[in-house]
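Participant: This is what each chain is made of:
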Amino acid sequence: MNLNAWSQRAGGLVVDRELVLCVLAVLLVGIAVLAGGIWALMFPNNQLHSSGRTLERIAFRRVLAPLTLALPALGILLGWALVEPAQAEHVPVGFFAIALPVVLIWLRAAVRAYRAAQVPTIRSAATIGLVHPRVIVGKELVAQLDTQALNAAIAHEQAHARHRDPLRIWLAQIATDVQWPLPGAGQRFTHWLFTLELARDEEARECNDGADLAAAVLVATRIEQKSSFACAGIASASDQMRLRVARLLTPLDTTTQNPKNLKTYFVLISLTIMCALLLGARFGEFLIGSGLQWVR
Amino acid sequence: MQSLDITTCVVEANRMQAVALPGGELEYAVLVTLWTHGACSGREVHQRVGEPRNLVYTTTAKVLDRLFDKKLVLRKKLGNAFVYRANVKREIIEQARATEAVTRLLGAEPHPAMAALVSAVEAIDPQLLNELERLVAARRRPGRGS
Chain L
1 MNLNAWSQRA
11 GGLVVDRELV
21 LCVLAVLLVG
31 IAVLAGGIWA
41 LMFPNNQLHS
51 SGRTLERIAF
61 RRVLAPLTLA
71 LPALGILLGW
81 ALVEPAQAEH
91 VPVGFFAIAL
101 PVVLIWLRAA
111 VRAYRAAQVP
121 TIRSAATIGL
131 VHPRVIVGKE
141 LVAQLDTQAL
151 NAAIAHEQAH
161 ARHRDPLRIW
171 LAQIATDVQW
181 PLPGAGQRFT
191 HWLFTLELAR
201 DEEARECNDG
211 ADLAAAVLVA
221 TRIEQKSSFA
231 CAGIASASDQ
241 MRLRVARLLT
251 PLDTTTQNPK
261 NLKTYFVLIS
271 LTIMCALLLG
281 ARFGEFLIGS
291 GLQWVR
Chain Y
1 MQSLDITTCV
11 VEANRMQAVA
21 LPGGELEYAV
31 LVTLWTHGAC
41 SGREVHQRVG
51 EPRNLVYTTT
61 AKVLDRLFDK
71 KLVLRKKLGN
81 AFVYRANVKR
91 EIIEQARATE
101 AVTRLLGAEP
111 HPAMAALVSA
121 VEAIDPQLLN
131 ELERLVAARR
141 RPGRGS
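Chains as they are written, first to last, in my numbering: chain L, 1 to 296; chain Y, 1 to 146.
It should be emphasised that the hints constitute simulated quantities derived from the structure, not laboratory data. A virtual CB, placed ideally from N, CA and C, is assigned to each residue, including glycine. Honestly, I wouldn't trust all of these hints.
Facing chain L, from chain Y, some residues (calculated, C-beta under 7 Å) [what the hints assert, rightly or not]:
1. Ala113
2. Ala115
3. Val121
4. Arg139
Full structure from sequences and hints, please.
Facilitator: Spelled out as structure tokens, the structure:
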């Protein structure tokens, strides 16, 4: 039974096949992302690595990991769409109602993405700019730091700029928001933000003393605490500050654990998408038709 | 690959003032009265806001005191009574109220798209900062102070 025949039996709205495919894409991707978020809850945050950069890479991949389940879902849908014959004519209203919660979650994520792009006033130091990152240093911070501490702070921010961290933070926030209301997503995001600072501290320390950077961090904290627009506090902020300064005052660990090769990930993802396309083309009629039958 | 042009800018910190919102329907109603009718005495505000709500004069007076503390209204003594007028434009309050309503709907503020040297500073214990500052100062090489 193809979609056209099923739709005619069920009755309902007259819609184009492309709209049905779009709604199916929203529904399947949304469910896959939420399922990925639940799956990621089984893996706690990794605290074993001494290298901040390794910690950051692992944490960033955990932030994005739930979205990878959306790839096979999209692949199956695309494979099915390639072989699906005639235009759909009748689709039950319930089909669109099921996709509505996902649409609302994505709308919320879109609004928050817009708000996140509005950068607040900076009093200490930060890197801003999604497309062209640039370092901003407040005059108050410049006035209170000596040359060595200021250089260390600027080196830290320049490391953020090299890695385009404002864009990565923005994308990670979106990836977190599409998993709303799962609580684990926010925790993984917050943990990654902390490891991000540890990683950039390490890069800054390649040419600067850790104690100088620690002094800059503490002065910046004092300055930001006076600000009306300081970010909302988190429960473990004191613990994180203590850990961060302790790491800055200990000798830099130059033995970095090699992360998994990125090429391996790309190959795996490509193979997954290809298999999903074939699966969708061969069995999409059965898989998706059964799901729509359930809606009826 | 195009090289990344990293520029560093030193900026003056703008001292932006957060807008205090009227805390409740009554405070908002008083502000609306002042925006509509201009400067009013406490008694006039009570006649327009308190009496339709069957409130006593002291309640209205307390509301005006709260608004004065929040710097949302100004007052000037004329004889034995105060005359009040709004200290903030209606558009600003309306925008702030709308933003607050949206915030309640969308949850906590998203993390801004920027990488700051420090973040989440409000919850950091000030005594911890003192302790860490002493530790760092002792560790830094002699001859350089902060």
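Participant: Evaluate each hint against the coordinates.
Facilitator: Here's how the hints hold up against the structure:
no.	hint	result
1	Ala113	4 Å, holds
2	Ala115	4 Å, holds
3	Val121	5 Å, holds
4	Arg139	4 Å, holds
In this structure, every one of the numbered hints holds.
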